[in-house]
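> Sequence:
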Amino acid sequence: MPYADIDGDGVPNVHDHCPETPGRPAFNGCPEDDPRGLPVSAQAEPEIDAFERIYFDSGESYLDGKARIALNGVFNYLDENPHAHLVVMGHADYVGSDPLNDALSERRCQAVVDYLVQRGIADGRLRIEFYGERLPTASNETEAGRQRNRRVELVLESGEGGE
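In terms of our numbering, the sequence shown opens at residue 1205 and continues consecutively.
A few of these clues could be false.
As the list claims (entries may be wrong) - For each label pair, taking beta carbons as the anchor points, the in silico distance ranges come out as:
hint : residue 1 : residue 2 : range
1    : P1235     : G1269     : 31 to 37 Å
2    : G1212     : T1341     : 18 to 24 Å
3    : N1285     : P1235     : 32 to 38 Å
4    : L1304     : R1228     : 35 to 41 Å
5    : G1212     : G1349     : 17 to 23 Å
6    : R1228     : E1347     : 35 to 41 Å
7    : E1284     : S1343     : 34 to 40 Å
8    : L1304     : N1280     : 17 to 23 Å
Quick caveat, the hints were computed from the structure, so don't treat them as lab data.
Since this is a predicted model, take the numbers as computed values, not measurements.
C-beta atoms are modelled at their ideal positions from N, C-alpha and C, and glycine is treated no differently.
Let the sequences and hints guide you as you build the complete structure.
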């Protein structure tokens, strides 16, 4: 099953830094004048970018087949880079109470950590942070936006296993 490309610019949404605005592949799916699409070396102040994003159904922390495939790639990277560490950052959409969304985003993180640990990654290389609904990447007013907010982002720890 091919990845969705909402804006039709040829960059799958999972890799598109501007998934709702057509852009160029060389700019990570963003228009040339949008700083989100610039390579890190061209940005004045580089933002932390997710190594990988795992998306979830509403109210769920279950890892589906797509999530497991993505995590297998993360496992391969970590296995080949034994000094790399990850921050596992959990998020939720705004459906539900703050305490419920905090707990849900924590469960999502734990599902990712458990999967990687079962594959052989030491849990000391993985750090969990969960934010509930506090850090959306899209509007919670649409189903598409809420779907993008139900995620776990895996970010390489600064100074660990990086370039």
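> Each hint should be assessed against the structure and marked as holding or not.
Hints and how they fare:
1. Look at P1235 against G1269: about 33 Å separates their beta carbons, and that is inside 31 to 37 Å.
2. Checking the proposed 18 to 24 Å range against G1212 and T1341 shows it holds: the Cβ atoms sit about 20 Å from each other.
3. Remark: the range hint 32 to 38 Å for N1285 to P1235 is upheld by a beta-carbon distance near 33 Å.
4. One distance hint, 35 to 41 Å for the beta-carbon pair L1304 and R1228, holds here, with the actual separation near 40 Å.
5. Taking the beta carbon of each, G1212 and G1349 are about 18 Å apart, inside 17 to 23 Å as hinted.
6. Restraint check, R1228 to E1347: a C-beta distance of roughly 27 Å breaks the suggested window 35 to 41 Å.
7. With their beta carbons about 38 Å apart, E1284 and S1343 fall inside the hinted range of 34 to 40 Å.
8. Between L1304 and N1280, the C-beta spacing of about 34 Å breaks the proposed range 17 to 23 Å.
Hints 6, 8, counting from the list given before, are not met by this structure.
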